[in-house]
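Here is what each chain is made of, one letter per residue.
Protein chains: 2
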Amino acid sequence: MTKAQLKNRIDVANKQRKADLVIRNASIVNVFTKTLTTGDVAISDGIIVGIGDYKGVKEIDATGKFLAPGLIDAHVHIESSMVTPQQFSQVVLPHGVTTVIADPHEIANVSGTNGLEFMLMDAEATLLDIQFMLPSCVPATSFENAGACLAAEDLVPFMRRDGVLGLAEVMDFPAVLRGDEAMLDKLLLNRQIDGHAAGLTENDINVYGTAGILTDHECVTKEEMMMRLERGMYVMLREGSVAKNLLALLEGVTEQNAHRCLFCTDDKHLDDMIEEGSVDYNVRTAIKQGIHPITAISMGSFNAAQCFGLHQKGAIAPGYDADLLLLDDLEELTIAEVYKDGQLVAQNGRYVGTLQEKSDTATVKDTVRIAELSKNSFQIPASGSTKAHIIGINPNNLITEHLMQEAPVVDGFFVSDTEKDLLKIAVIERHWATGNIGLGIVHGFGLKNGAIATTVAHDSHNIIAVGTTDRDIKTAAEALENLKGGLVIIQDGKVLASLPLAIAGLMSEEPFDVVFEQLKVLDESLKLIGAPTHFNAFLTLSFLSLPVIPKLKLTDCGLFDVASFQHIPVAVIEE
Amino acid sequence: MTKAQLKNRIDVANKQRKADLVIRNASIVNVFTKTLTTGDVAISDGIIVGIGDYKGVKEIDATGKFLAPGLIDAHVHIESSMVTPQQFSQVVLPHGVTTVIADPHEIANVSGTNGLEFMLMDAEATLLDIQFMLPSCVPATSFENAGACLAAEDLVPFMRRDGVLGLAEVMDFPAVLRGDEAMLDKLLLNRQIDGHAAGLTENDINVYGTAGILTDHECVTKEEMMMRLERGMYVMLREGSVAKNLLALLEGVTEQNAHRCLFCTDDKHLDDMIEEGSVDYNVRTAIKQGIHPITAISMGSFNAAQCFGLHQKGAIAPGYDADLLLLDDLEELTIAEVYKDGQLVAQNGRYVGTLQEKSDTATVKDTVRIAELSKNSFQIPASGSTKAHIIGINPNNLITEHLMQEAPVVDGFFVSDTEKDLLKIAVIERHWATGNIGLGIVHGFGLKNGAIATTVAHDSHNIIAVGTTDRDIKTAAEALENLKGGLVIIQDGKVLASLPLAIAGLMSEEPFDVVFEQLKVLDESLKLIGAPTHFNAFLTLSFLSLPVIPKLKLTDCGLFDVASFQHIPVAVIEE
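Line by line, the protein sequences are chains A and B. The first sequence maps to residues 1 to 575 in my numbering. The second sequence maps to residues 1 to 575 in my numbering.
Hints are computed from structural coordinates only; laboratory data are not their basis. Please note that the accuracy of each hint is not assured.
Claimed, not checked - Here are the computed lysine-lysine pairs in the DSSO-like style, where the Cα-Cα straight-line distance is at most 27 Å:
#: 1; chain 1: A; residue 1: 58; chain 2: A; residue 2: 7
#: 2; chain 1: A; residue 1: 244; chain 2: A; residue 2: 365
#: 3; chain 1: A; residue 1: 288; chain 2: A; residue 2: 375
#: 4; chain 1: A; residue 1: 387; chain 2: A; residue 2: 448
#: 5; chain 1: A; residue 1: 288; chain 2: A; residue 2: 65
#: 6; chain 1: B; residue 1: 15; chain 2: A; residue 2: 222
#: 7; chain 1: B; residue 1: 520; chain 2: B; residue 2: 551
#: 8; chain 1: B; residue 1: 527; chain 2: B; residue 2: 484
#: 9; chain 1: A; residue 1: 244; chain 2: A; residue 2: 288
#: 10; chain 1: A; residue 1: 34; chain 2: B; residue 2: 527
#: 11; chain 1: A; residue 1: 520; chain 2: A; residue 2: 375
#: 12; chain 1: B; residue 1: 34; chain 2: A; residue 2: 288
#: 13; chain 1: A; residue 1: 34; chain 2: B; residue 2: 420
#: 14; chain 1: A; residue 1: 358; chain 2: A; residue 2: 551
#: 15; chain 1: B; residue 1: 420; chain 2: B; residue 2: 387
#: 16; chain 1: A; residue 1: 34; chain 2: B; residue 2: 494
#: 17; chain 1: A; residue 1: 15; chain 2: B; residue 2: 520
#: 18; chain 1: B; residue 1: 15; chain 2: A; residue 2: 551
#: 19; chain 1: B; residue 1: 3; chain 2: A; residue 2: 222
#: 20; chain 1: B; residue 1: 34; chain 2: B; residue 2: 7
#: 21; chain 1: A; residue 1: 15; chain 2: B; residue 2: 494
#: 22; chain 1: A; residue 1: 15; chain 2: A; residue 2: 58
#: 23; chain 1: A; residue 1: 288; chain 2: A; residue 2: 420
Hey, can you work out the whole structure from these sequences and the hints?
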């Protein structure tokens, strides 16, 4: 802020000059007093400069309406929307989300610092306020191969950049517990630190707190939430496309502890955001579940601002950014208009803000490089056993089951069996063409023929494929190489449908509405190969390679048992 | 924190090594969930590293007791205690205050940057955590002469120092409203800013908020408090020696808005702190008035930490400073033991911490320089009128009344009249020996003979004297020059009692218990000259020179009418 700007704002606050915009007669959601108050809200230069009795160059009569602070998504991987920050911005602003705390963890795992640069650059071109936490775990674990490795020293120059708040979700808990040098270096960068405390015990949470880790978005039970809140962690109530923890956690929210509760989406698919919403959905659901509307809105705005030290956000008061929602109904959170920095950016669910030039994507394209595949690349030796460690999927949940059961063996190798719903799954390293392929068997996808594959495979984003035949899996992987990343559906050795994700194999270069249509086609095509419709097969697949979430996962280095934190063979060898 | 420290703390949190101290079986005041919880509190290296089941080198059984976070005084002028930070520390720690946000405004007005340096240096030698806000208004106004002038550029090097949080109470509201360059420079230093919004209207508060001013400790009514809270200001509920706003403001505190309410003492005299307490008194009073004990303790600890971004303070959780109070009783806030950074520093109201060497005071002594006084120095011309503008004091209140009434005139000059309790009052510039003397008439002191004078005279700390004769006023001022600052009581042209304040004329070089005894002697001596006992004459006197508080005040430049914000003559000239 310049001196002239400050002087001008003071003059407007003091009624020496008209405000740019005055919103009159609304019931104002006051997060400080937790009451509804009244008064004209005067905006100058994108900032709220007064609540009282004001005149404006533009004036809006909001009689009968409610004015709430813009919402904040406390933790989101924009890449999971499969569109660029610019496109993402146009999707979430109409849902009342005016600020997000983004962790560019996905693109960093593919493109390293080039990925960070791209996200920061594209974020600059959005009207949405995108604040960044820098990925702390690239690669996520030492049990997989990612496209990059980011040490503390790589993060230092980014930490100084505008819009960078700190260190994103520390998920390598064993590294913290052991006090690994590289991890301690990151923890000592002296910035805010997000956690990722999936399944951690009381003892582990004590360690996390001691290490300065402030938040957790991985609670699944009320009891986990209470234990973290009591130890000073902010808890983010997450509702994403796969991980849906909101209803369970809302049961633990009280008027007394709500000040430490925030909302996030973490990973939410484009279609879900368009159809269901972003954190506006969390707020709406909280109200439906009996949380006071003002408390719920505070959780979705002010509390996140407090947590991340965004002192000008999350409230309607002089000196705060004019990020505002005009609501037709408070309880339903019916968003009529969205203002960002005092500008109207969305109306009745449609983005009406300015559009910018596309950002240059040169440094984050052509990221799919695999070694040549043969028809034998996907053979899983049964090693004399007919019993296998099998990944059992839980629809719409990141946590898998670790099954041990009989699986069909042909010529000494495990094979897919559509009758028993035991399908072969493969993770194919795609950053360095190392030829690494991790193989396993998965139960629950229910495909009847063909295969599906994607370069969106958390967190290293190798190619992950599941299929009814080795041939279709191979075809799927090769199709993704040709596409330079994306999602494919294979039937009878041919591409049935695809969604190209040219940016790091994670994000499309197309506008969000085009991608939305492509996704619909994919959804329809999934039915043709027998995929069930009660969960999203691609999304579920994309998390099967995430070795920080229980119980049994698959990386390019093989099957991974999260409980023992080590790789294991597929065949169960009984002694 | 070094890497080795962090590693060690993690190891203790993870039970690989014993904690330094474990406090067992206490009911823990949890400010996050607003509940009482249980568990061993493990401390290592001055930091809480775990709550659960721990072993320690030292272990304390706190069965039946309560463990609360150390208290935080959100705004205090240490100088008002009349002892050094080291001595102040020994007084407040036994009252459970482990952190204070200090504004060295008083010494800065006398000694400028030397004063700031002294306070920072002496604060280093205390076990108390003293965080500083830098004085924003030195001099407080342009209507008086202080010993120094601090511009934004003078503050910049201090802003970078450890323990400096921001800009202290901005009290020159007209300068903000006008957008004065020098004030805008300070507001743009880009740090946290405290306010001082005495009597400000809704419009003014909009201006303050727009200017980034975050707190106010000058509310006197519940309505003022609500208006500030609604506009995003933190409100400090103040209970000092003179300004006592606690009871009135507690009526406005709700469970919903308490998160924006803090406690402070602002200016509290040594004897009051010893006998009544510091912000522990505020907490105790709040509980007595019906505020939930955990809410009241949060207001006195966590809320202040949140306001000032002290992210490791105000709560009992892993990663937080081990600043702890062991309470025998929660409702009564009976403080049995105080731990600072995990060390026992007070027990049953007595300081038991370490003692340091006295700091060097050379740069902040010999600060009293006055021009020679004559017997005519204190004459107030009646200018043909017999009616005068008279300062009416309100005992224990900073606000004075502006009286206009007949006053005795002899030989064309107004004179003191003990019958009518109209006494002459003088402010004598004492920094540069300019010879400036401001004169007036005051009602309410009730002295029967003699005079009192002090170099503690907010905010410029010139000599302020009130007396029954010009001779005694002159003797008082000269006595203070000889003492090099302090408090004096004069009777029959002689010093009856005195308290030397060698440091900037504000603080004693003696230990607090010696000063306490000296104050008792002063109090007794006041009775000998007829001073009333229901209020503190010296304290009340010391605020009569503060031109930012209504209604009629006196500076070295003359009588000051706060309503019209200008100097006025004593005589009322009717036209």
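These are the hints, each one checked on the structure:
no.	hint	result
1	A:58 / A:7	holds, 21 Å
2	A:244 / A:365	violated, 32 Å
3	A:288 / A:375	violated, 53 Å
4	A:387 / A:448	holds, 22 Å
5	A:288 / A:65	holds, 19 Å
6	B:15 / A:222	holds, 26 Å
7	B:520 / B:551	violated, 31 Å
8	B:527 / B:484	holds, 25 Å
9	A:244 / A:288	holds, 16 Å
10	A:34 / B:527	violated, 51 Å
11	A:520 / A:375	violated, 32 Å
12	B:34 / A:288	holds, 24 Å
13	A:34 / B:420	violated, 52 Å
14	A:358 / A:551	violated, 41 Å
15	B:420 / B:387	holds, 14 Å
16	A:34 / B:494	violated, 60 Å
17	A:15 / B:520	violated, 52 Å
18	B:15 / A:551	holds, 26 Å
19	B:3 / A:222	violated, 34 Å
20	B:34 / B:7	violated, 31 Å
21	A:15 / B:494	violated, 57 Å
22	A:15 / A:58	holds, 15 Å
23	A:288 / A:420	violated, 40 Å
Of the numbered hints listed earlier, those contradicted by the structure are 2, 3, 7, 10, 11, 13, 14, 16, 17, 19, 20, 21 and 23.
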